[in-house]
Amino acid sequence: MSASVRSRRLLIFLGVLLVLAIWLSLALGPVSLPLLDTLRAALRMVGLPVTAAGLEQAELILGQIRLPRTLLGLAVGAVLALSGVAMQGLFRNPLADPGLVGVSSGAALGAAVAIVAGASLGGVPAAFEPYLLSFCAFVGGLGVTALVYRLGRHDGQTSVATMLLAGIALTALAGAAIGLFTYMADDSTLRSLTFWNMGSLNGASYARLWPLLIVALAVSLWLPRRARALNALLLGESEARHLGFEVERLKRELVFCTALGVGAAVAAAGLIGFIGLVVPHLVRLIAGPDHRILLPASALAGASLLLLADLVARLALAPAELPIGIVTAMIGAPFFLYLLLRGRA
Amino acid sequence: MLCCRGLDVRRRDTLVLGGVDLDVRPGEVLGVLGPNGAGKSTLLAALCGELQPAAGDVTLDDRALAHWPGAERAQRLAVLPQQSTLNFAFRVEEVVGMGRLPHASGRARDAEIVEAALLAADAAHLAGRSYLALSGGERQRVHLARVLAQLWPGAQGQTLLLDEPTSMLDPLHQHTTLQAVREFALRGAAVLLILHDLNLAARYCDRLLLLGDGRPQVLGTPEEVLRAEPLKAVFGLDVLVQRHPERGHPLIIAR
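The listed protein sequences correspond, in order, to chains A and B. Last residue of the first sequence: 345 in full-length UniProt numbering, with the numbers rising by one and none dropped. Last residue of the second sequence: 255 in full-length UniProt numbering, with the numbers rising by one and none dropped.
These are calculated hints, taken from the structure and not from any lab test. Be aware that one or more of the hints could be misleading.
Derived CB-CB ranges, DEER-like [what the hints assert, rightly or not]: (1) R252/A to A71/B: 17 to 23 Å; (2) D155/A to E112/B: 37 to 43 Å; (3) N36/B to I168/A: 32 to 38 Å; (4) A133/B to R6/A: 17 to 23 Å; (5) Q83/B to R150/A: 28 to 34 Å; (6) S130/B to A333/A: 26 to 32 Å; (7) W222/A to E112/B: 29 to 35 Å; (8) P34/A to S105/B: 53 to 59 Å; (9) S130/B to I168/A: 58 to 64 Å; (10) S105/B to P334/A: 43 to 49 Å; (11) A133/B to A333/A: 56 to 62 Å; (12) L317/A to E50/B: 27 to 33 Å; (13) W222/A to N36/B: 42 to 48 Å.
The following residues of chain A were derived to be distant from chain B, with all beta-carbon distances above 12 Å [what the hints assert, rightly or not]: (14) L17; (15) M45; (16) A218; (17) L234; (18) R284; (19) L294.
Fair warning: this is a prediction, and the values are worked out from it, not measured in the lab. We put the CB at the ideal spot given by N, CA and C, even for glycine.
Just need the whole structure built from these sequences, with the hints factored in.
Have a look at this one:
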């Protein structure tokens, strides 16, 4: 079977998987809806002529709870996986993670500031609270990444090795600052801080969703345009330059896309690990490292995996909910170890 | 044609290369020789725009190298670095196919060129294998095929810069590789390559540049450059120079 046939089959398979994941994510939960009703209600919502008989409850649950949550999962999963591809390309290392440039820890710091400072100021008006948290997380993520990028630049060149080390240092610094905030926090603040750090798709609302959807759309449209340049970059920075690509601009775009994407994802759903690391890896094992396939396939697979992980989070201890970060880490960490051991063998 | 005039390159205030005037002429293979640290790779980096010269200029077809748009420059100038750090499991023909990225010649034509370039680099039998599964020498030949594909079939107005293309090759492939490079030049391309083996240089190069201490020492035909005195002066090595019994080019023997 030729490589292009295999890639096409993989994309079709992932597309079908994603549709199934969306369907299940809409149907299952504390109140499970019949799969057929879910499908009918979903079709009605996109404007197809389906009889409304007996769908009132399904439409209400779908519209108010399940659909925003599913869209959130979809966008977060796709963006995290795409950012993973971008970072692994930038660092030319298949084990790189979006967190390497400091965006996750910066967002976590921003969130900690919002939660703790918000609480100690006697609270911001309730209507602003979710926005304040998202906003601070987003700004924190972008800010730390900008600093990492700035530290990596010297004489008009960006050294990814310096960026890597600067990312490690700033992540440690952000960790210390978060620790300080945690130490100062009272019990209830501590609780929300802890839960936020474990990530959740709970409480998704359209108002918090749309900034992320815009960012996700922009990143998923932009990165595939750079697929050929990313392929060349894997050869080496000079090699990519010799092949006619503007490497400095490419690096800037990759960092920017990652900061924007992961910043928005973390702001909307908290810290969710391993999707950005594991998904591109998995796709590469099947379809090879060509970014023309890797990028779209990773976006599809990341979205599916996050939706399925969210289903586990929702259903495992129903009606209670597991933080989704725990689920992705429980799947992702053993898989990462498997990759390490497999590479050594 | 790729030219440089009055080229000086500094690294952290130290002059590592000074006063180089060079034309890489169409249809010729120009070899650069010199001891470790003589500035060979620095020269190559300056000629392809990786290093900014402190003085002097580098032009490609009478236009400053920096003023060329990336893709157009890449259609005329290809560079093979000393070693590659590719760490992803591309298939061999995908790696060679990257040489076609600056072109819009279509998938069918690109596939033909990749095949021809692999054949020229004696790597056709590696097609279909994962790059990561190859040995060092095989990888080197795959990258040679990649830069050949970038300029394929090689014509006047195109320049190929090779940094020690034979460093990891067995004796047979040192010769097949340089023979392929020669044939590339015969079709009109200009080739500059860095070599360490004086006898390979004598056999396959039209002109040689001997660098010592960051300065050009001798530039001329192999007969003019490969003499006992300049080699002693630059390498500190005592040699006998004979004639190759069958081919007539200089044969260098260490005393």
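Cross-check of the supplied hints:
no., hint, verdict
1, R252/A to A71/B: 17 to 23 Å, "19 Å, holds"
2, D155/A to E112/B: 37 to 43 Å, "42 Å, holds"
3, N36/B to I168/A: 32 to 38 Å, "34 Å, holds"
4, A133/B to R6/A: 17 to 23 Å, "18 Å, holds"
5, Q83/B to R150/A: 28 to 34 Å, "30 Å, holds"
6, S130/B to A333/A: 26 to 32 Å, "27 Å, holds"
7, W222/A to E112/B: 29 to 35 Å, "33 Å, holds"
8, P34/A to S105/B: 53 to 59 Å, "55 Å, holds"
9, S130/B to I168/A: 58 to 64 Å, "31 Å, violated"
10, S105/B to P334/A: 43 to 49 Å, "46 Å, holds"
11, A133/B to A333/A: 56 to 62 Å, "28 Å, violated"
12, L317/A to E50/B: 27 to 33 Å, "57 Å, violated"
13, W222/A to N36/B: 42 to 48 Å, "45 Å, holds"
14, L17, "24 Å, holds"
15, M45, "41 Å, holds"
16, A218, "24 Å, holds"
17, L234, "5 Å, violated"
18, R284, "7 Å, violated"
19, L294, "10 Å, violated"
Comparing the model with each earlier hint shows violations of hints 9, 11, 12, 17, 18 and 19; every other hint is respected.
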